[in-house]
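Taken in sequence, the protein lines are chains A and B.
Under our numbering, the residues of the first sequence are numbered 1 to 488, in order.
Under our numbering, the residues of the second sequence are numbered 1 to 488, in order.
None of these hints come from the bench; they were simulated from the model.
Some hints could be false.
Pairs involving identical chains hold if they fit within one copy or between any two copies, as the list cannot separate such chains.
[Stated by the list, open to error] Keeping only pairs whose Cα atoms sit at most 30 angstroms apart, straight-line, the calculated DSBU-like set for lysine-lysine is: (1) Lys136 <-> Lys211; (2) Lys255 <-> Lys211; (3) Lys122 <-> Lys155; (4) Lys155 <-> Lys255; (5) Lys95 <-> Lys255; (6) Lys180 <-> Lys155.
There are 2 protein chains.
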Amino acid sequence: MSGPSLHRPFPIADVPQWDFETDVAVIGFGATGACASIEARAAGADVILFERNSGSGGASGLSGGEIYIGGNGGTEVQQAAGFNDSTEAFTTYLKMAGGPCVDEAKCEIYGQEALAHWEWLKRQGVPYKGNFLPGKHIEPMEDDTLIWSGSEAAKPFSDFAEPAPRGHVIQFMGWGGGRKLVDILEQRARDLGTQIEVDARAVALVEDAGKIVGAVMRIDNQHRFVRASKGVILATGGFVMNEEMRRKYCPLTFKINDPIGDKDDGSGINLGVSAGGDAIHMDQFFTTCPWTLPEPHANGVFVNINGQRFINEDCYHGRVSRSMIDQPGDRVYLLLDSAHYIEPFEHARMSIAGTGEDWEEVERELEMSEGTLAATMKFYNDHASRGQDPLFGKQEPILQPLDQGPFIALELNFETSYFSFFTLGGLKTSADGEVLDRTGEPIPGLYAAGRCTSGLPAWGHGYSSGLSLADCTFFGRQAGRKAAHGAV
Amino acid sequence: MSGPSLHRPFPIADVPQWDFETDVAVIGFGATGACASIEARAAGADVILFERNSGSGGASGLSGGEIYIGGNGGTEVQQAAGFNDSTEAFTTYLKMAGGPCVDEAKCEIYGQEALAHWEWLKRQGVPYKGNFLPGKHIEPMEDDTLIWSGSEAAKPFSDFAEPAPRGHVIQFMGWGGGRKLVDILEQRARDLGTQIEVDARAVALVEDAGKIVGAVMRIDNQHRFVRASKGVILATGGFVMNEEMRRKYCPLTFKINDPIGDKDDGSGINLGVSAGGDAIHMDQFFTTCPWTLPEPHANGVFVNINGQRFINEDCYHGRVSRSMIDQPGDRVYLLLDSAHYIEPFEHARMSIAGTGEDWEEVERELEMSEGTLAATMKFYNDHASRGQDPLFGKQEPILQPLDQGPFIALELNFETSYFSFFTLGGLKTSADGEVLDRTGEPIPGLYAAGRCTSGLPAWGHGYSSGLSLADCTFFGRQAGRKAAHGAV
């Protein structure tokens, strides 16, 4: 009655011919798809990887190439820096980072396997300089390896899990190492014999009696039919570029304006659901405004429009940013003194909203009521000078009084400042990458990983840099292995 | 290969025989199902209504029987009380109450039609005393009709929509008029010739080439097959009683512990999704702790564990309660002075956490840092005594200084206090009750209304009493009419 659709499996009986035949079909060529292909090939399966663009990349290619790794005593880089990261601490942190959306099974297995995954990444040829860069960084400005990339050392996380830096960044000068990471993984997938088909967009899954046995691709404006005897792996990314899906499932993102992704239109989520898959935690998203740049700004204090603080500013910049979005009104203020103020990073599109010789004057310039911001800062400074933050537990060395005038309030406006974001909700999968139906049963022949699933980075308030690429690369591998071995 | 399932349409080819044959099958006998049946019968369709319990009720039967009505100059009750409620003000409020989750089409049509719906309710026999009860009430203690039941008169709503009370409560002594409302609607459905089958649980929809043509019911431990030539209407309620679904789609509800509902296990949502339906805003929930009881407590001030206020306490008790859940930690405090304190409503399970001759003493008893709660209250009282709340815009007469010692802090603990809640997410439907697929197209033969859909009460922070029954009764009617007329 109708053609192939993202929203309805295509019956095998209607397939006119097979244009491609393989064991495993992988859809999407970011880090997830590359890792899935590598493992499926390594397990002996024939693999065709389809990508809608003309080359690899996806959102992974736009990233910093940072992967969240720890546990089992730590990588050699962590150990050299003095961090013997236990599996328990690492796993506990992963679970806390998942918050109310946590997938405990995924945290457990990654907690156990992350160190082995690190070794695997290096074996694929991913280079690491091997040094630790202390301080507060979004990504290293040069080619350093290990950074603090989450809220590990901040409350409440540090009360429950021994902190360690776990963001491992590919050796690459400056930001944007994700492109290099994908290039290396692509080369590895090619070397292992993965067949790669670009400019090929998935438009439907092919079903045979409840089992997914292939896909319909759009290539050169024609439908092409792919037989995948061992299954299909969805690796298509999230839905941040699909406004209609965001409106239905993640409407809070309309408060901000800078989606990051690469054609992340949720097609894989729709394909998975069409086969009976379950899309979960679809309201969750990561966001950040790069407010810790320049680095002295990391010592600033945030207040909302009522002059109230709302979080310990020493936690991860994305956790702070996600909390900003929960505040009343359309903006928050980053407060700095002359000891810490530097002209802000232009890209962040922050503006100076108020200045003053004392905090009272800043308060007046922001047209806040007398005794709001100034009282907040008096309280903060009094305690900070004694090394205390009784409200939120912010800790030294980030905890410092802001008492050297003149003073400045930078405005972070949700409408106009740079708040990048991407979605975290997606298909519910098993820890080995099977797409699960609404009863929790695997859908035969269907696998998924990365941001078309809900994985390690499940909760916007708990995001840490490197969690998404950890999820993409590790669970992409899991899906590749499971598909190659798991024929029914 | 398998039996009937909530998660997979049952093929018509597998139906062994039809045990029931009708035009329209309605599933669920709360207010939604009753109204759908009435309208479908009135339109000349044969109707069988199936209910899993032994009688009508559902969550509607547990409610206060209050319906949110206004617009077109207001009901005669509103007018007699001096409120000429415009359609524009009413519709604007409905849209604001939907927040980021708003369904504008539903707000528009209900804005236009609510007054006619009021007349229809009365024609069904729903009695209203016809008076206005001023003040702050969760439900009338006696049999009064009209109350302020939302945040109409509070910021920010009052800045955009002329306020009016719109909660219209069935004439019934005390709380719990929802039972009477359902009884009346049931009688009307019976009088019109609706066939009613109780102890009948839906286990699958029956599909014929993409069209829903019936349902499989579980009756007396046997599968019974229902042919519904004009379609099936889902009226099964939300998923608050399904912990597995809450964990996947609405995990924040695990902060609180008092679900309200009646077997609301999400079965209708699952059935709708099984047919290709789209479940949206699944993270949204209503919650309230009855903190405005006794009424003088409505004059209290809320602070979080850091001694910060977080909302104008003159808005709807549920909006205030939903904001509590967003605060850090596991509790908030309701601050009262001796002029307003009365022993709290026992059912709320609040406890006295601190008392003092001044706010400084309360602050110490709560083990808050010096200059937190006491400073908040000094600021609040200074401004309240001048009729101002510069932070949140709370207004008189609720805005009153709390300056007559001794003072009291009541603890509302998320774990132990009474926070009732129910889910708001569900199937995406058209304004006339068709279940829509993920592309926005109606699924032939499938209709839904009430809390198995996302409707007027779409956003937890915007909930107002009466919105859910308004949605159930009005859109239940819409679905009934559409199903009766809409055979393809």
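Right, here's what the structure says about each hint:
| no. | hint | result |
| --- | --- | --- |
| 1 | Lys136 <-> Lys211 | neither (48 angstroms within a copy, 57 angstroms between copies) |
| 2 | Lys255 <-> Lys211 | neither (40 angstroms within a copy, 38 angstroms between copies) |
| 3 | Lys122 <-> Lys155 | neither (33 angstroms within a copy, 57 angstroms between copies) |
| 4 | Lys155 <-> Lys255 | both (27 angstroms within a copy, 19 angstroms between copies) |
| 5 | Lys95 <-> Lys255 | both (28 angstroms within a copy, 17 angstroms between copies) |
| 6 | Lys180 <-> Lys155 | neither (34 angstroms within a copy, 51 angstroms between copies) |
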